[in-house]
Amino acid sequence: MNRIDQRFAELKSAGRTGLIPFVTAGDPSPDHVVPLMHALVEAGADLIELGVPFSDPMADGPVIQHASERALAKGVGLAQILGWVGEFREKDKNTPIVLMGYLNPIEIHGYAKFADEAVAVGVDGVLLVDCPLEESATIKPLADAGLHRIFLAAPTTHDARLAALTREASGFLYYVSFAGVTGANRLDLAPVRARVAAIKALAPALPVAVGFGVRDAASAVAIAEFADAVVIGSALVEHLANSSPAAAVTAAVRDFLAPVRQALDARSARHAA
Amino acid sequence: MLAKPFDTAAAAAAIPAAASAADSINYSNYPDEHGRFGDYGGLYVAETLMEPLAELRDAYLRLRRDPEFIAELDRDLKHYVGRPSPIYHAERLSKKIGGAQILFKREDLNHTGAHKINNTVGQALVAKRMGKRRIIAETGAGQHGVASATVATRLGLECVVYMGAVDIERQKINVYRMKLLGAEVVPVTSGSKTLKDALNEAMRDWVTNVTDTFYIIGTVAGPHPYPMMVRDFNAIVGREARAQMLEEYGRLPDVITACVGGGSNAIGLFHAFLNDREVKIVGAEAAGDGIETGRHAASLAAGRPGVLHGNRTYVICDDDGQITETHSISAGLDYPGVGPEHAWLKDTGRASYVGITDEEALAAFHELARSEGILAALESSHAVAQGIKLARELPKDQLVLVNLSGRGDKDVHTIAAREGISL
Chain A
-15 MNRIDQRFAE
-5 LKSAGRTGLI
5 PFVTAGDPSP
15 DHVVPLMHAL
25 VEAGADLIEL
35 GVPFSDPMAD
45 GPVIQHASER
55 ALAKGVGLAQ
65 ILGWVGEFRE
75 KDKNTPIVLM
85 GYLNPIEIHG
95 YAKFADEAVA
105 VGVDGVLLVD
115 CPLEESATIK
125 PLADAGLHRI
135 FLAAPTTHDA
145 RLAALTREAS
155 GFLYYVSFAG
165 VTGANRLDLA
175 PVRARVAAIK
185 ALAPALPVAV
195 GFGVRDAASA
205 VAIAEFADAV
215 VIGSALVEHL
225 ANSSPAAAVT
235 AAVRDFLAPV
245 RQALDARSAR
255 HAA
Chain B
25 MLAKPFDTAA
35 AAAAIPAAAS
45 AADSINYSNY
55 PDEHGRFGDY
65 GGLYVAETLM
75 EPLAELRDAY
85 LRLRRDPEFI
95 AELDRDLKHY
105 VGRPSPIYHA
115 ERLSKKIGGA
125 QILFKREDLN
135 HTGAHKINNT
145 VGQALVAKRM
155 GKRRIIAETG
165 AGQHGVASAT
175 VATRLGLECV
185 VYMGAVDIER
195 QKINVYRMKL
205 LGAEVVPVTS
215 GSKTLKDALN
225 EAMRDWVTNV
235 TDTFYIIGTV
245 AGPHPYPMMV
255 RDFNAIVGRE
265 ARAQMLEEYG
275 RLPDVITACV
285 GGGSNAIGLF
295 HAFLNDREVK
305 IVGAEAAGDG
315 IETGRHAASL
325 AAGRPGVLHG
335 NRTYVICDDD
345 GQITETHSIS
355 AGLDYPGVGP
365 EHAWLKDTGR
375 ASYVGITDEE
385 ALAAFHELAR
395 SEGILAALES
405 SHAVAQGIKL
415 ARELPKDQLV
425 LVNLSGRGDK
435 DVHTIAAREG
445 ISL
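Sequence order for the protein chains is A and B. Take the first sequence: its position 213, counting from 1, is numbered 197 in this note's numbering, and each next residue is one higher. Converting from the second sequence to this note's numbering requires adding 24 to each position, the first position being numbered 1.
Where hints are given, some of them may not hold.
Unchecked claim - Reference excerpt, derived from the structure (chain A facing chain B, CB under 7 angstroms, subset only):
hint	residue
1	S39
2	D40
3	Q64
4	G67
5	L87
6	P89
7	V113
8	D114
9	E119
10	S120
11	A121
12	I123
13	A138
14	H142
15	L146
16	G167
Said to hold, decoys possible - Covered stretches of chain B (chain A as the covering partner; in silico rule of three or more C-beta atoms under 8 angstroms from a C-beta of chain A):
hint	segment
17	57 to 69
18	88 to 101
19	224 to 231
20	339 to 353
By construction, these hints were calculated from the structure, which means they are not laboratory data. Since this is a predicted model, take the numbers as computed values, not measurements. Each residue gets a CB set at the ideal place from its N, CA and C atoms; glycine is no exception.
Can you make the complete structure from the sequences, with help from the hints?
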């Protein structure tokens, strides 16, 4: 069973909301990626989205753009990132890893080659921002190798498309909470809740994670009212940006992510009671 | 014995013949319904843009069959843009070169000084019909920005133009022109601070403001339907040229050439000739300091298939798939991708693509200025250089048609600075 499916099954039976942090691989420091990933898990991450930096991140706001630029300036590339996942897997066999990024690095690496290598090191899924459902034949080798292809749904996604997305989705569906780039501050809960309800009506068993605009414990708890998981990206990346030595990175993760975890768990406990 | 002024056998060999794969293709039938030209093109964008792009595609496919829309576009092209643009026989230049006759399709004579207006007039009319109130655009040399600002202000639409900070520096005149036309010019400081980054930033604006904003892409790249739509609006260049050739010269040209950055003026000229197998087609890319130096922007000549800016095409990137910085003296050609239709024409062999260096383009700029009294844009000077090369190898009775896509007024500061002259 894919670790992503396993994890969402566990969350469901425990009545907990999943917490999915996003970090750009190699930022703030390529030397501390693996300790950072372990720190994310210790602070309560249920799944890690590891950003593969790209030179032209069209869907990202300034925070993740700059993180990508910093990582690229330090020579971070796909082979190195796969190496980090492998190293992480030596100690952590259970936390699912999703690589998130853009197509070109994988296209140039070779889809079949990437798929084999990613599965071998313990990657569980990919979220390729510029590969929508219509072009998903492009990444068929990844699915064939057992990687989940995580699709996005957005406020501009109409019902017919939403139905097609839920049919093709694997792992979970990532609902983008507003039309915009990552890190913007435009979260308006009511329409998000309505669209997540529409997804749930179409595919009751498909986990839905909500991301974009989740900045802290309060916004995470608000999303947890109707989503299976929340994704925190830009706010975390920003928090990490100035923490270079390993201890500072670990501390920054705990300071930032642990309170979100506690708030989510407190909400789940209230809900159960 | 007098040396032969030309050697027809060698000249024929110098130009690649159409490959057999190209012979069975009807080029009018592309892209297919998925926006593909062979393996290239498509729709590689974030989910948020998928429905808006579908709406744009449907609106455009409807409008291009709508007689009222077509009539309005024709009126604008005639009375506002100043079409048709003439074909000019550069007799003095041809005589100096001593080979084939060089003809120029004078897109530099259009309103705002380049072919770019053909597309922006068309897209602005689409925007108006779709009820959008705000126009955004990216620009490299500034010609597309000026052309977008021009049509936006004429229709009373707000206009924001994204431009790389490096390009703002080298195209100051066009930046000021855009401001005079009421547009807001937003400097882009991410990445290489040139055209590709301006395109990224415009996409980010569009994804954020997609309900009321129309994105006028300036080249034949981007997600479907842009490569098709921008081509269609520029294809007036080739349709006119083809008819003018038949009327004024009684035959089609032997070779046609144009500069290729994203490739909009080139596809504009080429498209009407694609099914005329006897017409050779050559695109001139920016070889910058020389392809062997790595400092160039020749995606087709020196790049590889990849995915950038919403389409699969040839891109210039490293072995990790990161898009690398390009170089050209001409901001409008300084782009690491190229329109997907060109990628396909290269692979089918219907067109060939060659590099022209900064030095060759500058030499052609001066040659044209002094022999014909025309200041060509630096972008177009690459096509002029290629036209001269082709003419030199061909007999005097052959015709080389060059797309003179824009005028050089915007470049005089760059050229002066390069030659150590302060104005």
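Hint check:
Interface restraint check for A:S39: the shortest CB-CB distance to chain B comes to about 4 angstroms, inside 7 angstroms, so the restraint holds. Annotation: A:D40 was flagged as interfacial toward chain B, and the flag holds, the nearest CB pair being 5 angstroms apart, inside 7 angstroms. The interface hint given for A:Q64 is violated, since its Cβ lies 9 angstroms from the closest Cβ of chain B, which is over the 7 angstroms cut-off. At its closest, the beta carbon of A:G67 sits 13 angstroms from a beta carbon of chain B; the interface hint therefore is violated under the 7 angstroms criterion.
The beta carbon of A:L87 comes within 4 angstroms of a beta carbon in chain B, closer than 7 angstroms, and the hint placing it at the interface holds. Look at A:P89: its Cβ gets to within about 3 angstroms of chain B, closer than 7 angstroms, so that hint holds up. With 7 angstroms as the threshold, the beta carbon of A:V113 comes within range of chain B, its nearest partner Cβ sitting at about 5 angstroms, so the hint holds. With 7 angstroms as the threshold, the beta carbon of A:D114 comes within range of chain B, its nearest partner Cβ sitting at about 5 angstroms, so the hint holds.
Taking 7 angstroms as the C-beta cut-off, the interface hint given for A:E119 holds, the closest approach to chain B being about 6 angstroms. The beta carbon of A:S120 is not positioned within 7 angstroms of any beta carbon in chain B (closest approach about 11 angstroms), and the interface hint is therefore violated. Violation of the interface hint for A:A121 is found here, the shortest Cβ-Cβ separation to chain B being roughly 10 angstroms, above the 7 angstroms cut-off. Hint status for A:I123 relative to chain B: violated, with the closest Cβ pair at about 11 angstroms, above 7 angstroms.
Annotation: interface hint on A:A138 holds; nearest CB of chain B at approximately 4 angstroms, less than 7 angstroms. Residue-level restraint check for A:H142 holds (minimum Cβ-Cβ distance to chain B is 6 angstroms; threshold 7 angstroms). For A:L146, the shortest C-beta to C-beta distance to chain B is roughly 10 angstroms, which exceeds 7 angstroms, and the interface hint is violated. A distance limit of 7 angstroms between C-beta atoms decides the matter here; for A:G167 the minimum to chain B is near 11 angstroms, and the interface restraint is violated.
A stretch counts as covered by a chain when three or more of its residues have a beta carbon under 8 angstroms from one of that chain; for the segment 57 to 69 of chain B and chain A the count is 5, and the coverage holds. For the segment 88 to 101 of chain B, the assignment as covered by chain A is violated, since 0 residues bring a beta-carbon within under 8 angstroms of that chain's beta-carbons and 3 are needed. Counting residues of the segment 224 to 231 of chain B whose C-beta sits closer than 8 angstroms to any C-beta of chain A gives 4, which meets the bar of three, so the coverage hint holds. Under a criterion of three residues with beta carbons nearer than 8 angstroms to beta carbons of chain A, the stated coverage of the segment 339 to 353 of chain B is upheld, 8 such residues being counted.
Of the numbered hints stated above, those contradicted by the structure are hints 3, 4, 10, 11, 12, 15, 16, 18, listed in ascending order.
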